[in-house]
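> Sequence:
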Amino acid sequence: MVISDPVADMLTRIRNGIRAKHSKVDIPASRLKAEIARILREEGFVSNYKVIEEGGRSILRVYLRYAPTKEGVISHLERVSKPGCRVFVERSKIPKVLGGLGINILTTSRGVMTGKMARREGVGGEILCNVW
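With our numbering as the guide, the letters of the sequence shown map in order to residues 2 to 133.
Don't read these hints as lab results, they were simulated from the structure. C-beta atoms are modelled at their ideal positions from N, C-alpha and C, and glycine is treated no differently. Errors might be hidden in some of the hints.
As the list claims (entries may be wrong) - Listed below are the simulated DSS-like cross-link pairs for lysine-lysine, each with C-alpha atoms no more than 27 angstroms apart in a straight line:
1. 22 with 71
2. 83 with 25
3. 51 with 83
To be verified - Ranges between beta-carbon positions, derived for each pair:
4. 71 with 109: 32 to 38 angstroms
5. 96 with 71: 30 to 36 angstroms
6. 122 with 86: 21 to 27 angstroms
7. 94 with 31: 24 to 30 angstroms
8. 54 with 33: 16 to 22 angstroms
9. 83 with 39: 21 to 27 angstroms
10. 96 with 36: 19 to 25 angstroms
11. 121 with 4: 29 to 35 angstroms
12. 57 with 92: 38 to 44 angstroms
13. 70 with 123: 38 to 44 angstroms
14. 25 with 133: 19 to 25 angstroms
15. 97 with 4: 17 to 23 angstroms
16. 122 with 20: 33 to 39 angstroms
Modelling step: build the complete structure from the supplied sequences, incorporating the hints.
Right under this line is the structure:
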């Protein structure tokens with residue numbers, strides 16, 4: 002199956018996994034998706050992730066995180082830049098998500114990072130998604 006937007010597919014699988022109260026979600030792996038999962042783990046939105054080989058293919062296994070009330074830590078996950086409409090911002094125009102309560106994930110010339118890190122590093126880039 003050919004996927005036209007692999008990042009949107011990853012975000013949808015995570016969103017659906019949280020709604021179905023799954024403990025983990027399997028996603029076809031890529032370096033970009035692994036970097037997004039790394040940022041989600043560092044920011045506390047998922048408990049862990051790992052890349053595994055299964056049947057000759059690389060799979061990114063993301064372990065979802067829930068609050069003590071059995072509610073998902075991620076309440077909203079949205080794709081910002083799409084293949085048909087890319088959204089690039091310069092360093093001074095990186096938006097804050099929910100007044101700083103959420104994060105946005107950017108691809109920059111220095112790699113994949115959060116909006117806060119990009120502001121600190123002084124680089125702009127393409128906004129991939131917003132998470133809160």
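> Confirm or reject each hint.
Taking the hints in turn, this is what the structure says about them:
no., hint, in the structure
1, 22 with 71, "holds, 8 angstroms"
2, 83 with 25, "holds, 25 angstroms"
3, 51 with 83, "holds, 26 angstroms"
4, 71 with 109: 32 to 38 angstroms, "holds, 36 angstroms"
5, 96 with 71: 30 to 36 angstroms, "holds, 31 angstroms"
6, 122 with 86: 21 to 27 angstroms, "holds, 25 angstroms"
7, 94 with 31: 24 to 30 angstroms, "holds, 28 angstroms"
8, 54 with 33: 16 to 22 angstroms, "holds, 18 angstroms"
9, 83 with 39: 21 to 27 angstroms, "holds, 22 angstroms"
10, 96 with 36: 19 to 25 angstroms, "holds, 20 angstroms"
11, 121 with 4: 29 to 35 angstroms, "holds, 33 angstroms"
12, 57 with 92: 38 to 44 angstroms, "holds, 42 angstroms"
13, 70 with 123: 38 to 44 angstroms, "holds, 39 angstroms"
14, 25 with 133: 19 to 25 angstroms, "holds, 22 angstroms"
15, 97 with 4: 17 to 23 angstroms, "violated, 30 angstroms"
16, 122 with 20: 33 to 39 angstroms, "holds, 34 angstroms"
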